[in-house]
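Colleague: Sequence:
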Amino acid sequence: MATSAYRDRREAGRTLATLLGRFRDPDTVVLGLPRGGVPVAYEVAQALEVPLDVLVVRRLGSPGNSELALGAIASGGVLVTNGDVLAAEQVGPDVLERIARTEGRELRRREQVYRGERPLLDVTGRTVILVDDGLATGATMDAAVRTVYRMDPARVVVAVPVALEATCAGLRGRVDEMVCARVPAGFAGVSAEYQDFTQSSDEEIRDLLDRAARLPAGEQRAAATGPEVGVRSALTPLPDGVPSEEVLLDLVGDARYVLIGEATHGTSEFYAARARMTRTLIEHAGFDAVAVEADWPDAHRANRYIRSRGDDGDAEQALRGFQRFPMWMWRNTVVRDFVEWLREYNRRDPARTVDFYGLDLYSMRRSAAEVIGYLDRVDPAAAQRARDRYACFDQHTDEQHYGYAAAFGAGEECADAVVAQLAELQRMSMRDLRTDGQGDPDEQFYAEQNARLVAAAEQYYRAMFGSRVSSWNLRDEHMFATLTALRGHLRQRIGSDAKIVVWAHNSHLGDARATELGSAGELNLGQLVRQNCPGESRILGFTTHTGTVLAADAWDGPPRVKRVRPSLPGSVENLLHRTGIERFLLRFDREPVAALDAPQLERAIGVVYRPDNERRSHYFHARPADRFDALLHIDETTALTPLDLVAHRGPDEPGDTYPHAV
0 MATSAYRDRR
10 EAGRTLATLL
20 GRFRDPDTVV
30 LGLPRGGVPV
40 AYEVAQALEV
50 PLDVLVVRRL
60 GSPGNSELAL
70 GAIASGGVLV
80 TNGDVLAAEQ
90 VGPDVLERIA
100 RTEGRELRRR
110 EQVYRGERPL
120 LDVTGRTVIL
130 VDDGLATGAT
140 MDAAVRTVYR
150 MDPARVVVAV
160 PVALEATCAG
170 LRGRVDEMVC
180 ARVPAGFAGV
190 SAEYQDFTQS
200 SDEEIRDLLD
210 RAARLPAGEQ
220 RAAATGPEVG
230 VRSALTPLPD
240 GVPSEEVLLD
250 LVGDARYVLI
260 GEATHGTSEF
270 YAARARMTRT
280 LIEHAGFDAV
290 AVEADWPDAH
300 RANRYIRSRG
310 DDGDAEQALR
320 GFQRFPMWMW
330 RNTVVRDFVE
340 WLREYNRRDP
350 ARTVDFYGLD
360 LYSMRRSAAE
370 VIGYLDRVDP
380 AAAQRARDRY
390 ACFDQHTDEQ
400 HYGYAAAFGA
410 GEECADAVVA
420 QLAELQRMSM
430 RDLRTDGQGD
440 PDEQFYAEQN
450 ARLVAAAEQY
460 YRAMFGSRVS
470 SWNLRDEHMF
480 ATLTALRGHL
490 RQRIGSDAKI
500 VVWAHNSHLG
510 DARATELGSA
520 GELNLGQLVR
530 QNCPGESRIL
540 GFTTHTGTVL
550 AADAWDGPPR
560 VKRVRPSLPG
570 SVENLLHRTG
580 IERFLLRFDR
590 EPVAALDAPQ
600 LERAIGVVYR
610 PDNERRSHYF
620 HARPADRFDA
630 LLHIDETTAL
640 TPLDLVAHRG
650 PDEPGDTYPH
660 AV
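In the numbering used here, the protein residues as written are 0 to 661.
What the hints contain is simulated information worked out from the structure, not anything from laboratory work.
Computed from a predicted model, the values in this text were never measured in an experiment.
All C-beta atoms, glycine included, are put in the ideal place defined by N, C-alpha and C.
Do not take every clue at face value.
[As the list claims (entries may be wrong)] What follows is a set of in silico ranges between Cβ atoms, one per label pair, in the way DEER data are often shown: (1) T483 x D611: 15 to 21 Å; (2) R205 x P591: 27 to 33 Å; (3) P557 x R213: 54 to 60 Å; (4) D415 x R23: 55 to 61 Å.
[Unchecked claim] Straight line, CA to CA, 25 Å or less: simulated DMTMM-like cross-link-like pairs of lysine to aspartate or glutamate: (5) K561 x E227; (6) K561 x D441; (7) K561 x E476; (8) K561 x E581; (9) K561 x D611; (10) K561 x E613.
Please construct the entire structure, taking both the sequences and the accompanying hints into account.
Modeller: Right, here's the structure in full:
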């Protein structure tokens with residue numbers, strides 16, 4: 000179920016303000032439309048350090064249909080009429096005057112309540128930002144726009160936290176600039192975007208206007224610099240970019256899952272810090288496995304090396320299974336060294352080994368081949384049945400072609416076949432079928448998970464050609480299902496509840512419910528872990544202000560070292576940069592950090608980085624303190640070092656299904 004985008008109007012105003020920084024100017028005035036628009040406008044005015052006032056607008060309803068607007072009257076004695084409606088309703092000057100007089104009395108009463116004896120701010124020659132709490136039909140805002148233009152401003156900007164797409168588009172052509180923070184595809188009304196949509200009282204509006212009028216400019220500037228001061232007082236400096244053993248273990252506590260993110264897929268410091276923290280958790284907190292945002296078969300090859308099995312002679316060879324773009328995500332120097340360390344660690348105590356697993360589902364064909372290969376060794380007749388079932392995919396050139404054909408009825412769906420194959424493997428497991436000839440239950444589990452992956456991937460590729468949210472959710476639901484299965488498998492093997500470290504992008508691990516994407520119905524792995532395993536997890540995110548990153552210009556392109564643009568004003572990265580501290584940890588399980596409890600822009604750089612279109616491609620709104628349990632900020636970072644000079648897609652793998660952001 001979709002969640003509300005904003006807690007209340009004040010939070011919506013703080014979010015909206017992040018999009019209006021360019022209007023911070025002495026000649027700017029913010030006018031809020033009562034009642035709901037004033038709390039939003041107050042936060043905008045405070046953030047921009049500009050004056051705030053209220054624009055009271057009263058619609059003039061037709062005598063025969065009060066919902067039909069003949070025009071409007073507004074603060075300052077402005078009268079705006081709609082000649083076409085007047086003619087159609089046959090309303091003469093006398094009737095119009097009587098209606099205007101009645102509405103005028105109510106307007107003056109409200110102005111007296113809201114503003115007292117203060118006159119309306121003079122907007123002549125100034126930029127006016129008109130703010131409301133949202134737009135449905137936009138009729139009141141339309142009247143306000145026409146009213147303000149009669150006051151001779153330099154320009155008029157309409158800014159709202161949420162709007163119906165058609166209303167936003169319609170007003171855009173009538174003002175100098177239109178800013179709609181959210182234009183949800185499934186618009187269900189303004190109130191649906193707020194957890195708390197309680198009607199603002201006259202007393203609240205009067206109080207906000209009084210406070211805005213009393214606050215001197217110097218105090219406004221001090222308030223504007225306050226957030227980084229609050230952050231600075233709450234942070235723990237990290238001279239080498241990694242929490243000490245004592246700090247990390249205190250943060251993790253008794254968690255069974257520790258989810259460690261990354262703000263990019265190509266930053267050396269993120270990978271190195273993640274590896275060092277994971278080593279500490281393995282050595283000093285008894286963690287049993289590492290599960291990563293990687294394909295299941297590729298990670299399994301690395302895991303066999305880690306457990307001193309297979310034919311690979313070193314970690315670099317063990318990582319050669321990663322042949323699908325983007326190879327550098329796992330074929331890089333940091334992961335190579337970590338895999339080598341895991342192998343050496345396991346040699347010290349072979350009775351309790353630490354494993355390395357993949358969580359992702361982009362290996363449908365390879366996983367099908369692994370299922371068949373496993374069954375060839377243990378039950379040739381079952382292997383033939385698997386070949387027959389998976390042959391359903393053979394008529395398609397790749398997964399994307401299959402998904403398109405199945406989604407639009409142009410080919411056979413393979414859903415029943417892959418589910419039947421998974422069910423058979425599960426029955427075989429329950430009968431305690433012999434495994435690879437050496438009695439290793441891990442190989443049976445590996446095959447069963449491959450079958451589960453094929454079933455999930457089949458759903459995913461069909462969903463690709465529908466809603467983006469649907470396919471994203473299927474992917475992260477599969478990751479959670481794999482993580483849950485891993486925990487159960489490890490519990491059986493080690494005889495106690497397992498503890499697992501997860502490596503993935505912030506976009507998968509930071510709780511989606513605290514983002515604008517969550518309000519559109521998107522979920523993620525971190526959210527699912529928190530919901531299904533309450534109190535058992537810690538989520539650690541990373542941020543950076545600038546530096547370099549390893550990323551491609553487009554899908555399947557070669558990796559390039561690209562300059563990361565300095566973070567945008569209004570973003571969490573920029574706020575943390577302004578502390579002046581190079582590397583630090585910020586915990587959200589202690590005293591609250593008010594600035595990070597409110598919506599901020601957050602940057603997500605995936606395998607493709609588009610700096611020329613960065614705001615649209617890589618930023619979204621989020622509440623960091625609700626999204627993570629802690630943030631590690633490294634102000635300037637450097638690009639990851641790949642093991643290969645060229646990245647390419649492996650055979651039979653799709654090229655354009657990997658999301659740009661993550």
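Colleague: Determine for every hint whether it applies to the structure shown.
Modeller: Cross-check of the supplied hints:
1. T483 x D611: 15 to 21 Å: 41 Å, violated
2. R205 x P591: 27 to 33 Å: 29 Å, holds
3. P557 x R213: 54 to 60 Å: 59 Å, holds
4. D415 x R23: 55 to 61 Å: Holds, at about 60 Å.
5. K561 x E227: 28 Å, violated
6. K561 x D441: Distance of about 41 Å is beyond 25 Å: violated.
7. K561 x E476: With a Cα-Cα distance of about 32 Å, the restraint between K561 and E476 is violated, given a limit of 25 Å.
8. K561 x E581: 21 Å, holds
9. K561 x D611: Roughly 12 Å separates the two Cα atoms, so the pair holds.
10. K561 x E613: 13 Å, holds
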